[in-house]
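Protein sequences appear in the order of chains B and D.
In this text, residue positions in the first sequence follow my numbering: the first is 1, and each later residue adds one.
In this text, residue positions in the second sequence follow my numbering: the first is 1, and each later residue adds one.
Note that these hints are calculated values from the structure, not bench results.
Wrong hints could be hidden among the right ones.
To be verified - DSS-like, lysine-lysine: derived pairs with alpha carbons at most 30 Å apart: (1) B:Lys103 / D:Lys134; (2) B:Lys331 / D:Lys435; (3) D:Lys454 / B:Lys98; (4) B:Lys263 / D:Lys87; (5) B:Lys72 / D:Lys87; (6) D:Lys337 / B:Lys186; (7) B:Lys134 / B:Lys106; (8) D:Lys330 / B:Lys330; (9) D:Lys209 / D:Lys435; (10) D:Lys490 / D:Lys410; (11) B:Lys263 / B:Lys331; (12) D:Lys263 / D:Lys22; (13) D:Lys454 / B:Lys134; (14) B:Lys337 / D:Lys209; (15) D:Lys98 / B:Lys87; (16) D:Lys134 / B:Lys87.
What the hints assert, rightly or not - Okay, the calculated beta carbon distance ranges per label pair: (17) B:Asp339 / D:Asp467: 24 to 34 Å; (18) D:Asn135 / B:Asp406: 50 to 60 Å; (19) B:Glu313 / D:Asp467: 19 to 29 Å; (20) B:Pro111 / D:Asp110: 17 to 27 Å; (21) B:Lys14 / D:Val21: 52 to 62 Å; (22) D:Asp390 / B:Asp406: 47 to 57 Å; (23) D:Met344 / B:Lys57: 38 to 48 Å; (24) B:Ala316 / D:Leu412: 11 to 21 Å; (25) D:Thr215 / B:Asp265: 54 to 64 Å; (26) D:Asp390 / B:Gly372: 28 to 38 Å; (27) D:Arg165 / B:Lys256: 49 to 59 Å; (28) B:Ala316 / D:Asn135: 50 to 60 Å; (29) B:Met158 / D:Thr215: 12 to 22 Å.
Predicted model, so just to flag it, every value in this text is computed and none were measured.
Every residue, glycine too, gets a C-beta built ideally from N, C-alpha and C.
2 protein chains.
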Amino acid sequence: MSKNLTTRSEDYSKWYNELVVKADLAENSGVRGCMVIKPYGYAIWEKMQAELDRMFKETGHSNAYFPLFVPKSMFEAEEKNAEGFAKECAIVTHYRLKNDPDKPGKLMVDPNAKLEEELIVRPTSEAIIWSTYKNWVQSYRDLPLLINQWANVVRWEMRTRLFLRTAEFLWQEGHTAHATKAEAIKESETMMNVYADFAENFMAIPVIKGLKTETERFAGAEETYCIEALMQDGKALQAGTSHFLGQNFAKAFDVKFTSNEGKLDYVWGTSWGVSTRLMGALVMTHSDDKGLVLPPNLAPTQIVIVPIHKTDEQLAAITEEVNKLVAELKKMRISVKFDDRTNMSPGFKFNEYELKGVPIRLAIGPKDLENGTFEVARRDTLTKESVSKDGIASYLRDLLETIQNDLFAKALDYRNTHITEVNDFEEFKSVLENKGGFLSAHWDGTPETEEKIKELTKATIRCIALDRVEEAGKCVLTGNPSKGRVLFAKAY
Amino acid sequence: MSKNLTTRSEDYSKWYNELVVKADLAENSGVRGCMVIKPYGYAIWEKMQAELDRMFKETGHSNAYFPLFVPKSMFEAEEKNAEGFAKECAIVTHYRLKNDPDKPGKLMVDPNAKLEEELIVRPTSEAIIWSTYKNWVQSYRDLPLLINQWANVVRWEMRTRLFLRTAEFLWQEGHTAHATKAEAIKESETMMNVYADFAENFMAIPVIKGLKTETERFAGAEETYCIEALMQDGKALQAGTSHFLGQNFAKAFDVKFTSNEGKLDYVWGTSWGVSTRLMGALVMTHSDDKGLVLPPNLAPTQIVIVPIHKTDEQLAAITEEVNKLVAELKKMRISVKFDDRTNMSPGFKFNEYELKGVPIRLAIGPKDLENGTFEVARRDTLTKESVSKDGIASYLRDLLETIQNDLFAKALDYRNTHITEVNDFEEFKSVLENKGGFLSAHWDGTPETEEKIKELTKATIRCIALDRVEEAGKCVLTGNPSKGRVLFAKAY
Chain B
1 MSKNLTTRSE DYSKWYNELV VKADLAENSG VRGCMVIKPY GYAIWEKMQA
51 ELDRMFKETG HSNAYFPLFV PKSMFEAEEK NAEGFAKECA IVTHYRLKND
101 PDKPGKLMVD PNAKLEEELI VRPTSEAIIW STYKNWVQSY RDLPLLINQW
151 ANVVRWEMRT RLFLRTAEFL WQEGHTAHAT KAEAIKESET MMNVYADFAE
201 NFMAIPVIKG LKTETERFAG AEETYCIEAL MQDGKALQAG TSHFLGQNFA
251 KAFDVKFTSN EGKLDYVWGT SWGVSTRLMG ALVMTHSDDK GLVLPPNLAP
301 TQIVIVPIHK TDEQLAAITE EVNKLVAELK KMRISVKFDD RTNMSPGFKF
351 NEYELKGVPI RLAIGPKDLE NGTFEVARRD TLTKESVSKD GIASYLRDLL
401 ETIQNDLFAK ALDYRNTHIT EVNDFEEFKS VLENKGGFLS AHWDGTPETE
451 EKIKELTKAT IRCIALDRVE EAGKCVLTGN PSKGRVLFAK AY
Chain D
1 MSKNLTTRSE DYSKWYNELV VKADLAENSG VRGCMVIKPY GYAIWEKMQA
51 ELDRMFKETG HSNAYFPLFV PKSMFEAEEK NAEGFAKECA IVTHYRLKND
101 PDKPGKLMVD PNAKLEEELI VRPTSEAIIW STYKNWVQSY RDLPLLINQW
151 ANVVRWEMRT RLFLRTAEFL WQEGHTAHAT KAEAIKESET MMNVYADFAE
201 NFMAIPVIKG LKTETERFAG AEETYCIEAL MQDGKALQAG TSHFLGQNFA
251 KAFDVKFTSN EGKLDYVWGT SWGVSTRLMG ALVMTHSDDK GLVLPPNLAP
301 TQIVIVPIHK TDEQLAAITE EVNKLVAELK KMRISVKFDD RTNMSPGFKF
351 NEYELKGVPI RLAIGPKDLE NGTFEVARRD TLTKESVSKD GIASYLRDLL
401 ETIQNDLFAK ALDYRNTHIT EVNDFEEFKS VLENKGGFLS AHWDGTPETE
451 EKIKELTKAT IRCIALDRVE EAGKCVLTGN PSKGRVLFAK AY
């Protein structure tokens, strides 16, 4: 159990890999680069999905479902996209297996079942969706189209890591079409704000909202909005993106509409997505050397109760007391579990729930029964206290809220103390190596300088923060004039 | 709109195809055999998902996610499965596209990016899941595994129809592992009962629970439980299956456990699933020549309110009245929409909601304002009445329940009058041609007779009903002895 977990200071990367597997979140499968999301991990993902889905619907979006496959010619239709990440992908070329005549019991691809046109397993769905939108849009009355899809996508990544980078992953992708440029830009911003709200208030992960540079932008987008988070090892993680697509996809797929004034024009588009990568961000933001630390909003079990007893009579008395509390907590819609398994020791259970990040653990033994108390242990602070059973349900409800807020405050404090203003390149390199985090530095605005810094340091421009102050300065590498600071970091 | 819909008596099949598209449920995509599930259709599917998911969790199951791809060798591991439907499937052979040197702007499959082992896009996930379970199960303490997955699957169907048979479809697949045979059988039965409960009480579709014959059984199952529904054209539709897998998959993937008594044995398995095919069953059970008829439990919008007015003042007064009702209905968790679009006539709106199957339509005009009434129209019966606004919210709530029950009663009545006992083969053929529905007939129990009847009539044995009465008789084709009647029908 947790005693076997590599610590973060020993090897952060190993700690992460071990924790994801030991806490039953996910594991590698027999299929290269594809993961199995285990029930406990999936339960957390379901909580994310439910909340995001609610937020999408509240902002006027509907869900739909588009094909898994994209014919090769559709990729070609959007040239910029095809020049982007779309090339490393899974390609279906045949549609039948047959018995291998030379090897009894073995199967082979039937050479007579070759597809006329190869199908690409979607790495993202702009192409298939915009080719559909063409038939859905004639007039301004058909706009806006505000559609989201929950789906699996595949990108043939060579080096994979559970949740952070996998060949197949789960995500949602919103694809919207609008009559005006202003409306589409507003939509991209709205969805970036939805993501930021979700990350901060639901996942307790502070994020910086910003714009990507041209180099880091999604191929086919005119502007990419993003939210950037900071992990405990000082590396940044892009937690969500929202793209203003201009009329690029409308032009590639010939999606036109007749405006209110009878004018024919291309529609304006956006797309936005978050993925199971967020699970990686969750683990790396809050967890510690003993295991997962889950914000109460995302914890499948928010409170676990462990009985401590020697006799059956004691267990019976404890159970009676616990049942009352469980009923009260359930009424408050708090997810609570009474772990009365008798073949495991309390110590074993304590370790297990620590590893799995259950926010609050209650213990109750004969002494507590006498005193009318419970022992209340917080996972985030690893502190314990004895609490009277009178009014304990509302005490626990408030404590869950406190924990949620404290986790955010702690992560925010870490993040804020890891944004460092640097003014020359030596300082840049030194802070990057010794402290990590975001480096707030002047940049001359050219892709060449950006590329050079990446080559020299592995740091990339994570974003141009939306709230940055206009400030004249000199580029940290070239000394050329700059209009303001941007945020550099090494990133996942 | 609806006036263009082919009627059922004209051409049932055409009626279905047109209705699915015109009611905005789904449409064919640019990808062979793959459909686009449109927002309105997807909203209905989401309601099905939510209810099924709740029922699965209530019966102790958790969700997880397994890879989209299955390496070819895993298919071979389960021979029976490989001999079944698994051969017609999408096969990934390459992992990269590159620019075509001969055709500027075109892409080609990179011949240097051939996979060592082909990957099959899952047609079902037994192979990948059982190869994972191998590592999850050591002792009886690890059992039962009660896991469900919501996923897309692909089967390379040659002739496809929206929802009923598509190359890619959405489904859930439960895969469970147990320590004893009895427990696994009980699980298969429990899930068949969950499906039947869902079909009848949520979708208002009466079903017959039964067992498949050996011929119709899932390859790799020892027993297949099913629920069979009857469509309005007299053809049966398999609405869900639950398989008792015996130790077949455990043996194929070497999944063993140490029992309570220290004995090593293979685990016992089940799998069960329903798919977007249920959308087809929904349409074909309840809808009519004017469009969809949705049971209130599945209707994205349960009540729509249409204002009838000539002046802005009238609309303002109507809106005031409607807003009060809308607030009341929302409190009752009834999904209600006030359609105050001014660029469409009430008649246009009436047609639209008829086509889309909204269970209750309210209209309110100046006369209703005077009288303190609403006009209430039922979609299922196409009847109208004037109802006083006092207490109308609870009246409507009750009416939704009535409609739900009436739809089930109507479908049940149709189904029951379309189960015909036949005792010789001439009668069999005549009833099948002239009336359709289920034919309850004696069968000698041999696959040969089953096959012969299928050849001669296209009817298959839909199931051996669980509640059939033991009754000695003579096979309707061969005259050989039979132990009881089975249900034949033509089927989707």
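How the hints compare with the structure:
no.: 1; hint: B:Lys103 / D:Lys134; verdict: holds, 26 Å
no.: 2; hint: B:Lys331 / D:Lys435; verdict: violated, 54 Å
no.: 3; hint: D:Lys454 / B:Lys98; verdict: holds, 26 Å
no.: 4; hint: B:Lys263 / D:Lys87; verdict: violated, 52 Å
no.: 5; hint: B:Lys72 / D:Lys87; verdict: holds, 24 Å
no.: 6; hint: D:Lys337 / B:Lys186; verdict: holds, 26 Å
no.: 7; hint: B:Lys134 / B:Lys106; verdict: violated, 45 Å
no.: 8; hint: D:Lys330 / B:Lys330; verdict: holds, 24 Å
no.: 9; hint: D:Lys209 / D:Lys435; verdict: holds, 22 Å
no.: 10; hint: D:Lys490 / D:Lys410; verdict: holds, 21 Å
no.: 11; hint: B:Lys263 / B:Lys331; verdict: violated, 57 Å
no.: 12; hint: D:Lys263 / D:Lys22; verdict: violated, 60 Å
no.: 13; hint: D:Lys454 / B:Lys134; verdict: violated, 44 Å
no.: 14; hint: B:Lys337 / D:Lys209; verdict: violated, 36 Å
no.: 15; hint: D:Lys98 / B:Lys87; verdict: holds, 6 Å
no.: 16; hint: D:Lys134 / B:Lys87; verdict: violated, 35 Å
no.: 17; hint: B:Asp339 / D:Asp467: 24 to 34 Å; verdict: violated, 41 Å
no.: 18; hint: D:Asn135 / B:Asp406: 50 to 60 Å; verdict: violated, 37 Å
no.: 19; hint: B:Glu313 / D:Asp467: 19 to 29 Å; verdict: violated, 48 Å
no.: 20; hint: B:Pro111 / D:Asp110: 17 to 27 Å; verdict: holds, 20 Å
no.: 21; hint: B:Lys14 / D:Val21: 52 to 62 Å; verdict: holds, 54 Å
no.: 22; hint: D:Asp390 / B:Asp406: 47 to 57 Å; verdict: holds, 52 Å
no.: 23; hint: D:Met344 / B:Lys57: 38 to 48 Å; verdict: violated, 24 Å
no.: 24; hint: B:Ala316 / D:Leu412: 11 to 21 Å; verdict: violated, 48 Å
no.: 25; hint: D:Thr215 / B:Asp265: 54 to 64 Å; verdict: holds, 59 Å
no.: 26; hint: D:Asp390 / B:Gly372: 28 to 38 Å; verdict: violated, 52 Å
no.: 27; hint: D:Arg165 / B:Lys256: 49 to 59 Å; verdict: violated, 34 Å
no.: 28; hint: B:Ala316 / D:Asn135: 50 to 60 Å; verdict: violated, 38 Å
no.: 29; hint: B:Met158 / D:Thr215: 12 to 22 Å; verdict: violated, 46 Å
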